[in-house]
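A.B. asks: Chains S and G are the protein sequences, given in the same order. Under this note's numbering, the first residue of the first sequence carries the number 3, and numbering increases by one thereafter. Under this note's numbering, the first residue of the second sequence carries the number 3, and numbering increases by one thereafter.
There's no promise every hint is true.
To be verified - Not everything, but these chain G residues come out facing chain S in the computed CB check (under 7 angstroms):
1. Pro12
2. Glu13
3. Pro14
4. Phe17
5. Ala20
6. Thr44
7. Tyr74
8. Asp77
9. Phe105
10. Val115
11. Gly122
Source of the hints: derived by calculation from the structure; they are not laboratory data. Virtual Cβ for every residue (Gly too), placed ideally from N, Cα, C.
2 protein chains.
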Amino acid sequence: MKVLIVHAHPEPKSFCSALKDLTAETFRQNGHEVQISDLYATKFNPIGGAHDFKKAANSDYFKYQSEQVNAYQNDLYAEDLKAEMDKLVSADIVIFSFPLWWFGLPAILKGWVDRVFAMGFAYGTGKGVYDTGVFKGKKSMAIFTTGGPEVAYGEKGKNGTIEQTLFPINHGMLYFVGMSVIEPFIAYSPARLSDEERKKLLEKLKSKIENIEKEKIIYG
Amino acid sequence: MKVLIVHAHPEPKSFCSALKDLTAETFRQNGHEVQISDLYATKFNPIGGAHDFKKAANSDYFKYQSEQVNAYQNDLYAEDLKAEMDKLVSADIVIFSFPLWWFGLPAILKGWVDRVFAMGFAYGTGKGVYDTGVFKGKKSMAIFTTGGPEVAYGEKGKNGTIEQTLFPINHGMLYFVGMSVIEPFIAYSPARLSDEERKKLLEKLKSKIENIEKEKIIYG
């Protein structure tokens, strides 16, 4: 399998980055090919705008989705976007690796979605969504850390359930473009755990990656 | 009242930007003071990282929340952040104005939240959250446009309900820091509407802003 890990953490020595490293290593050990888009390391620009395109269809009035479609039809996506799109197209499984910030993706990863999941390329122009989406056949999964403890995201948690928080990511982004979504791997509040507990989490992740083919699909 | 509008759209002539302009104008006509953070116009940097701080507490290992707390305690937030924090502190009502991209805030606005709602400043260090949050007493509201039509976000809509989509924004961001959240103003799919229908939406928004004190609170 070809694996794409889109990773968004500012500290390479963080536990979140260790989860990414272990994911990549485990996939490779099991014979899979891994590409990593390390968004902080490559200073990925997350701001969707006119720079997404080599040339605008209408330089007087910027209409993002229309320009995305025009770029798709006329091969005008900027090089940084094309590189990410090519990686996405070739991947059999796409992993989002991040710390949960404000109940969602860090801006640098949200912007990767805003720009790379472009209309024309990822949906629209007659293409389907969800079960008939462009990337049907691919799998996807979120691997993330949280600040708050698990109980805060439970049925009676003050933050609402983790499923509520993840709905826009799992359903609205990954499943929208047709990918099957594997149950996420969540490391709750690693900053408050002991080394032993963190080690257990790493083992749990390794096992999840080794058995990825059998993992539960929650959408798609 | 003091109003802060945080606006995120790349095109000043868009319908989304027209909603922001009308909001500002109506508040001013009714005697309120309005500040606008126009994130695209000012090229706001949405990437949370070491540049958020004048000086790091630990330059060998970047731990975002710890640095945020340290910056709060030692007056070390970068100038661009301090300017936004000052606007937020002085506001009685905070408006997020944006196009709904991928079931959430455009990255440039998500990054405003990631950086400005800093630990120490907006929560943490003994401060409460939700009903005891730092910004209790302030009101907040989302004003946004969508690509998809209203039916796609209804009870049987393929996208899930709009409430599901908005949960991380209304509950996870605005209410988390203590603000009361007013029912959002949603312009569904303005690109597909007639001029007459768009005019009606503008009238509806104007009336909502004029009667903002009586508007329904959905959280807080």
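A.B. asks: Next step is simple, just say for each hint if it's right about the structure.
C.D. replies: These are the hints, each one checked on the structure:
The interface hint given for Pro12(G) is met, as the beta carbon of that residue sits about 5 angstroms from the closest beta carbon of chain S, less than 7 angstroms. The beta carbon of Glu13(G) is positioned within 7 angstroms of a beta carbon in chain S (closest approach about 4 angstroms), and the interface hint is therefore held. Interface hint at Pro14(G): violated, since its Cβ lies 9 angstroms from the closest Cβ of chain S, which is beyond the 7 angstroms cut-off. Of the supplied interface hints, the one on Phe17(G) is violated, with its beta-carbon coming no nearer than about 10 angstroms to a beta-carbon of chain S, more than 7 angstroms.
Taking 7 angstroms as the C-beta cut-off, the interface hint given for Ala20(G) is violated, the closest approach to chain S being about 13 angstroms. Annotation: interface hint on Thr44(G) violated; nearest CB of chain S at approximately 12 angstroms, more than 7 angstroms. The restraint placing Tyr74(G) at the interface with chain S is violated, with a minimum CB-CB distance near 16 angstroms, outside the 7 angstroms limit. With a least beta-carbon distance of about 22 angstroms to chain S, the hint placing Asp77(G) at the interface is violated under the 7 angstroms criterion.
Restraint check, Phe105(G) versus chain S: the minimum CB separation of about 3 angstroms is within 7 angstroms; hint holds. A least Cβ separation of about 5 angstroms between Val115(G) and chain S falls short of the 7 angstroms threshold, and the interface hint therefore holds. Of the supplied interface hints, the one on Gly122(G) is violated, with its beta-carbon coming no nearer than about 13 angstroms to a beta-carbon of chain S, more than 7 angstroms.
Of the hints listed earlier, those the structure fails to meet are numbers 3, 4, 5, 6, 7, 8 and 11, in rising order.
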